[in-house]
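Under the working numbering, the first residue of the sequence shown is numbered 33, with each subsequent residue one higher.
Be aware that a few hints might be false.
What the hints assert, rightly or not - Label-pair ranges, simulated between beta-carbon atoms:
| # | residue 1 | residue 2 | range |
| --- | --- | --- | --- |
| 1 | Gly128 | Glu58 | 29 to 35 angstroms |
| 2 | Asn79 | Val171 | 16 to 22 angstroms |
| 3 | Ser197 | Tyr77 | 31 to 37 angstroms |
| 4 | Lys84 | Pro150 | 21 to 27 angstroms |
| 5 | Arg97 | Gly53 | 14 to 20 angstroms |
| 6 | Thr148 | Gly50 | 17 to 23 angstroms |
| 7 | Thr45 | Glu91 | 17 to 23 angstroms |
| 8 | Glu120 | Asn167 | 26 to 32 angstroms |
| 9 | Asn43 | Ser197 | 22 to 28 angstroms |
| 10 | Glu99 | Pro150 | 18 to 24 angstroms |
| 11 | Ala136 | Asp61 | 32 to 38 angstroms |
| 12 | Ala136 | Gly53 | 16 to 22 angstroms |
| 13 | Gln195 | Ser55 | 32 to 38 angstroms |
| 14 | Pro151 | Val181 | 30 to 36 angstroms |
Don't read these hints as lab results, they were simulated from the structure. C-beta atoms are modelled at their ideal positions from N, C-alpha and C, and glycine is treated no differently.
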Amino acid sequence: MKISVGQKIPNATLSYVGSDGVSHIELNDLLESKKVVIFALPGAYTNTCSSKHLPGFIEKSSLLREEGVDDIICISVNDPFVMSKWGETTGASSAGIRMLADPASDFTKSIGTEFTVPPIGFFNRSKRCAFIVENQTIVYAYLDDASGVVTGSSAEAVLLKLQDS
């Protein structure tokens, strides 16, 4: 990972599906003067992402907000239509989790978490990671480097860090 605690999180233009179709937003605009949890994962509808990583944040979203979190953002190298539908079908959107697409892997590359596995169609996907960001500055960063593992990037780990601060 190219970034660490104490650094500003890199800006990126991310995509989502809004009421008028596909829209774009600057990540830094979502982070200014706020405490935000960001988690990135390899792909919508993939096994570990769908069975462990995202469900943990859905389940803990209220508790994260009780700890002063203003926004929870899920980022994946997918198109915005897939992220929107995944948010709807899992209940993430209803839980207030902002589902953002990084379709060209710009954010993923800027933080140094990209990986490629051509046999399964993964190109420049993000390794599993999580951040707590306060006013654009990283106060917690964790990269789960092993495939299928959710430890320090889990909602539980992020919540514990917030409770210990």
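For each hint, the structure was consulted:
1. Gly128 / Glu58: 29 to 35 angstroms: violated (20 angstroms)
2. Asn79 / Val171: 16 to 22 angstroms: Taking Cβ atoms as reference, asparagine 79 and valine 171 lie about 30 angstroms apart, which means the hint is violated.
3. Ser197 / Tyr77: 31 to 37 angstroms: Given range 31 to 37 angstroms: holds, Cβ gap about 33 angstroms.
4. Lys84 / Pro150: 21 to 27 angstroms: Roughly 25 angstroms apart at Cβ, these two residues keep to the hinted range, so it holds.
5. Arg97 / Gly53: 14 to 20 angstroms: violated (29 angstroms)
6. Thr148 / Gly50: 17 to 23 angstroms: violated (30 angstroms)
7. Thr45 / Glu91: 17 to 23 angstroms: Violated: the Cβ-Cβ distance is about 30 angstroms, outside 17 to 23 angstroms.
8. Glu120 / Asn167: 26 to 32 angstroms: holds (31 angstroms)
9. Asn43 / Ser197: 22 to 28 angstroms: Since the Cβ atoms of asparagine 43 and serine 197 sit about 25 angstroms apart, the hinted range of 22 to 28 angstroms holds.
10. Glu99 / Pro150: 18 to 24 angstroms: violated (40 angstroms)
11. Ala136 / Asp61: 32 to 38 angstroms: violated (18 angstroms)
12. Ala136 / Gly53: 16 to 22 angstroms: holds (18 angstroms)
13. Gln195 / Ser55: 32 to 38 angstroms: Given range 32 to 38 angstroms: holds, Cβ gap about 34 angstroms.
14. Pro151 / Val181: 30 to 36 angstroms: violated (20 angstroms)
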